[in-house]
Every structure is written in structure tokens, then in C-alpha cells.
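Asker: This is what each chain is made of:
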Amino acid sequence: MDHQVVTSTLLYLDGVSVTFDGYKALRGLSLTLAPGEMRAIIGPNGAGKTTMMDVITGKTKPDEGDVFFNGSEDLTKLDEATIAELGIGRKFQKPTVFECHTVEDNVLLALKAPRSAFATLFGRPAPGTRERIDQILETTRLHDHRFRMAADLSHGQKQWLEIGMLLAQDPKLLLVDEPVAGMTDAETAQTAELLRAIAVDHSVVVVEHDMTFVRDLGVKVTVLHEGSVLAEGPLDQVSADPRVIEVYLGR
Amino acid sequence: MTRKTFLASGLLDPRGLIFLAILTAAAIAVPVFSLLVPENSAFALPPYLVGLFGKYLCYALLAVALDLVWGYCGILSLGHGAFFALGGYAMGMYLMRQIGPRGVYANPLLPDFMVFLNMKDLPVTWWGFQHFPYAMLMVLVVPGLLAFCFGWLAFRSRVTGVYLSIITQAMTYALLLAFFRNDMGFGGNNGLTDFKDILGFNIQSPSTRVWLFVATAIALGAGYLIARAVVTSKFGKVVIAIRDAESRTRFLGYRVEIYKLAVFVLSAMMAGVAGALYVPQVGIINPGEFAPTNSIEAVIWVAVGGRGTLVGAALGAILVNWGKSTFTNILPEYWLFALGALFVLVTLFMPKGIIGTLDQIKARRARARRGVEPAQAPAGE
Ligand SMILES: Nc1ncnc2c1ncn2[C@@H]1O[C@H](COP(=O)(O)OP(=O)(O)OP(=O)(O)O)[C@@H](O)[C@H]1O
Ligand SMILES: [Mg+2]
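So the protein lines, in turn, are chains U and C. Just so we're aligned: 215 in numbering that gives the first Met the number 0 is position 216 of the first sequence, and the numbers increase by one with no gaps anywhere. Just so we're aligned: 237 in numbering that gives the first Met the number 0 is position 238 of the second sequence, and the numbers increase by one with no gaps anywhere.
Simulated from the structure, these hints should not be mistaken for lab results. Just so it is clear, the structure is predicted and the values come from calculations on it, not from any experiment. Note that the Cβ used here is the ideal one computed from N, Cα and C, for glycine as well. You can take every hint at face value.
Some chain U residues flagged as far from chain C (calculated, every beta-carbon gap over 10 Å):
# : residue
1 : G14
2 : T18
3 : T75
4 : R140
5 : S227
6 : L229
7 : I244
Sample of chain C residues facing chain U (criterion: CB under 7 Å; computed from the structure):
#  : residue
8  : S232
9  : K236
10 : V237
11 : A244
12 : R247
13 : Y258
14 : A261
Between the sequences and the hints, there should be enough to build the whole structure, so can you do that?
Answerer: Pasting the structure below:
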């Protein structure tokens, strides 16, 4: 490999392109994230936000471009499980929790612990596991639902459970895709609060359409459009940008 | 919180206890009624019934093995009969070598069919099979190895769903064709039969049959307990997670293909044991056991009993085969139609099978008692 990146950034995307059956979902996308930073990503439908997360987590391999984590880990060469173990956790756009497991078991499966088949078959839970689960269920307000099947939760509760699972993984970087879709205003505000609390000691990338929510987060915003970055900066500056207005209103 | 069990659903639930209790009762009752009760008594159990019950329990063990991969890991194997048959062949080879010079050709080393085919030396594949421990090892190793190689290729290239089912079916079909060939050295289409004794006991004698039945009951109980220990462990929770949301599990950092491989190999070994116990009780193993329909029938047993319940799988196997024995006595030509109809009816009206439906009713009652509203429907995207 001729490319040796030595940067202080946690996440580094440079010139990333992805093509699906001739359609360019990402065109030369470049983006960097500093350690400890929280970033909001906005953009119209089909802008490539989810595809970007797919590339970072190893689900989709880019046709060209560099994706580095922690300065030197080349994510384009690794599979999903390895990337997860490096410390990148993900919440999907459509909430996906393990429906046939209890809320507690969902968190348990996500909890940072050895992932090998041998360890899960013969190992005992580490001391403090229960306390950690308690803590996460408390944070995500799911304590009273501990023994319910995840399938029986409301939509908003599933979203939170998934955020709780992210917390349990304790990754260096959290990728959160549309966490407040389908939530009530009150739930949305609580979610913003929750994410801000998480961002205190994690790096977070949040994709969201909901502008009130993005405003609540109060962080730097990146606008994606047709697979590349259109604008970047504080929300007020970005939303005053004529090109951004054009993209959002000109449709 | 009333519930004290943290992170463990418990190895034995009430249903498992009932299952093991019935199995234990059968393992005691069968010897008593067939060996201790006088033969002319109305309560005496005729030897043919002992053999029949033993056969049902072998099928039940195969069903439990299949439920482990299908019910818990979502791998619909349409080729589990192959692992069963391979275990059966390993046992059959041991039994053939026990015949020794008592065969028609009185060859001390070569089984009759080899003499008949003018083979001069014992093929390498048959070496060591005169030793019972070696043969038992092969009962586990051969199906396990096939499952390992097959699973390694299939799961690593992420073949899932219908495609996976089709290639499992192709696997058993390929073995069917291979074992039909005389030059494979496994007795061609006649298979292996005319067994004389097992561990020095006459294989035909009523008492040997009874002890084979008891051994099968023990194997089924042990198989159930192993499967249950696996599915209630954290490993089992990962496996269920894979079944319900495979890619989500990957993003949590679990190596899905390794988990699938482990479950598949374990299941194949259990199926091999079932086949090994089956052969001495029916007295023959031939390539017909590799027939794709056998594997499909096993899937139906599990569907009828309720997949993902283990006990249901065993129950389904026993009920359907009991039905088969009864039915084929009355209308032999129509059994396959009846089986097909049963499958369609179960899929339409009882998609969760017998045990699964019972669970649903129980859960609905419990919910009604607590006055909890039904689960809220998820909002649209
Ligand atoms: N697997 C795929 N195969 C083909 N096309 C795809 C695939 N995944 C995404 N696309 C296309 O790529 C484009 C970008 O999709 P992406 O899901 O990344 O958008 P998004 O910004 O997340 O949009 P939304 O706000 O609707 O979630 C879309 O036009 C989509 O149809
Ligand atoms: Mg999206």
C-alpha cells in the first residue's frame, strides 16, 4: 500500500465513490471527524447518508477512495465484525433489535465482552455485567421493560433500545441513522438529550432529517447532496447557504 | 422484580422436565413389559413394537438436531438425512465386520458383498471398523467433517435462505448417487445388512433390542440436554439473534459464519448418532436413507411439532411417524399425499406447530389476565 495516513482524525473519508448498477450513490465524498466530536449529517432523501454509513461499517465496499479509522485502520479492507470490534457501533435507520429476545438480552448481546463462539458458549458473564445493564436501561428509560420481548416495544422504545445497545457496545465512534424517525416531539427532545449525554465521552455521527432535533443537538452540521458534501458548518450558517436552500426548497 | 433468574433462562423448564420424565418412564417401562412380564400376558410388549418405538426415538433425535439449526439458527437444511445416513453407515460397517467368517462366503476379513464383487483387499475406508470405539468415533467425525466442509464453504460465502436449502438437498442427492455405486465399496444399492451381533450380543434377540431402545432413549435425553444447554447459553442467544437479524448481529461484532458452522457441525453429529442407533434396530442401511424425501420428511416433523422448541421437534417426529405406521397399514399408496396435506394444513393453520401454538395460547391467556394491551404496532418509516 502506497498510502500511509497519519492523521489525528478519528474518521477520515477521502474521495469515496460508490456505484449501484450505474447509479452513483456517493461521488467523491470527503469528510473528517475529530476524536470526541459529534457531527450531524443532513441531506435530502437519497443523498447517500445511509450509504456512507454502509461504507464505514464495511457493509458496502467503495469503488474508490480512502476510509481510515483511528488514523491507520483501512476500513475498506475489513469485514463488518472486525470493524465492529475496532470500536464502531451503528444504529440503523429502520430500528433493528432482536425481536425474540428480551430487552435485557438485547443489551447483553451488545455489551462489550468477548465475541468468540467459545467465549459465549463456555464463558461466564463478567462481574458487573448486571450493574452495567441496569445503568444502560436506566439511561434509556427502559428499566421497567427489562423482561419484555423487544417485539412488544413501541417504535420509540425500540429506537431507544437500539441506542442503548450502542451504549452497551461502548464504541469509540457511534453512527446513528435517523434516531427520531417516527417519534413524538417529547420523545425527540429526550433523544437529543440522550445523544448529548453520550457525546460527552464518545464520538458520534448522527444522520437526521428533523431540523428541530438537529438544532437541539447544537453541533457542526454537514450537508450531503447527491453523494458529496455540499456545505459544512454551524446549522445557522449552513441553513443560510443559498445552495442548501436550493437543494431543500428547489424540489 | 419477581424474577430472580438473571441472564439464564434455566437449563430445564417444566416442559423439558416432563419430556425427560416421560423418556425415563419409557426407558424403564419397555424393559419391564417386554422382558419381565411373561410373553403370553396381555401386558407383554412384543419385540417388533420395541423396535418400532426405538426407531421413533431415533427420528426424534434427528428432529432435535434439525430443530437446532432450523428452529434456532434459521438454517433450513433439506439434507439432514445425509448426516443421519452417514452415522448409520459407520455403525453398519462395524456391524458388518462383526459378522466375520459367519458370512455366506465365510471370508474372515471381507464382508460378503466384497467377495461377491471380487475385491481382494479390505478398502482403507473400512480399516479399524472392527473396533467399536473407532466406529463410534467415526459416527461423530464423518457427519461432523462433512458438515464442517459444507458449512465452511456455504456460510463464508454467505449463502442463505432458499439457495442454502437447495444446496443441502443437492448434497444428500449427490451422496445418494455415490453410495449407489458398487465401486464406492459400501455395498452399492443393497447397502449393508444381515448383521449378526453388536458388542457380542445377538442383534436379533429381544433383550438386545430392549437395550438398544434404552440406549436410544438415553441418547435422545442427552441430545436434548446438550441442545437445550446450547440454546439457553449466551451462545444460543447469539444464534437466535442471527436467525432474526443476521446483519445486525454482524455489526455487533459477532462472526456469524463461525456460529453457524458450530451449530451446523453439532447438529450433524447428533444426526449421525441418531442414524447409528437406527441401523442396528432396523437391521439394514442402504443408499435409500440419503433420499431427499427423507430429509424433507424430517423438516415436516419439526414443523408439525413446533420449530424452535426442541421438545416439539421430538414430539412431531414421534407423532408423524406413528401416523405413518398406522396410515401405511391402511392405505400404503397414499402416505405421501397425506404427509403433504399435513404439511400444508400445519403451515396454514398452525404455523408455529403443536408446541408453538400451545405457547401462544398460554401467552395470550397470561396477557389477558394481566390486562396488558397488545403490542403497539410499529409506526411507518
Ligand atoms: N443496495 C443498493 N442498491 C441499489 N441502490 C441503492 C442501494 N442502496 C442505496 N441505493 C441508492 O443510493 C442512493 C442513496 O441512498 P441512501 O440510502 O444512502 O440515501 P439516504 O441519504 O440515506 O436517504 P434517506 O434519507 O431516504 O434515508 C439512493 O438513490 C438509493 O436508491
Ligand atoms: Mg438513509
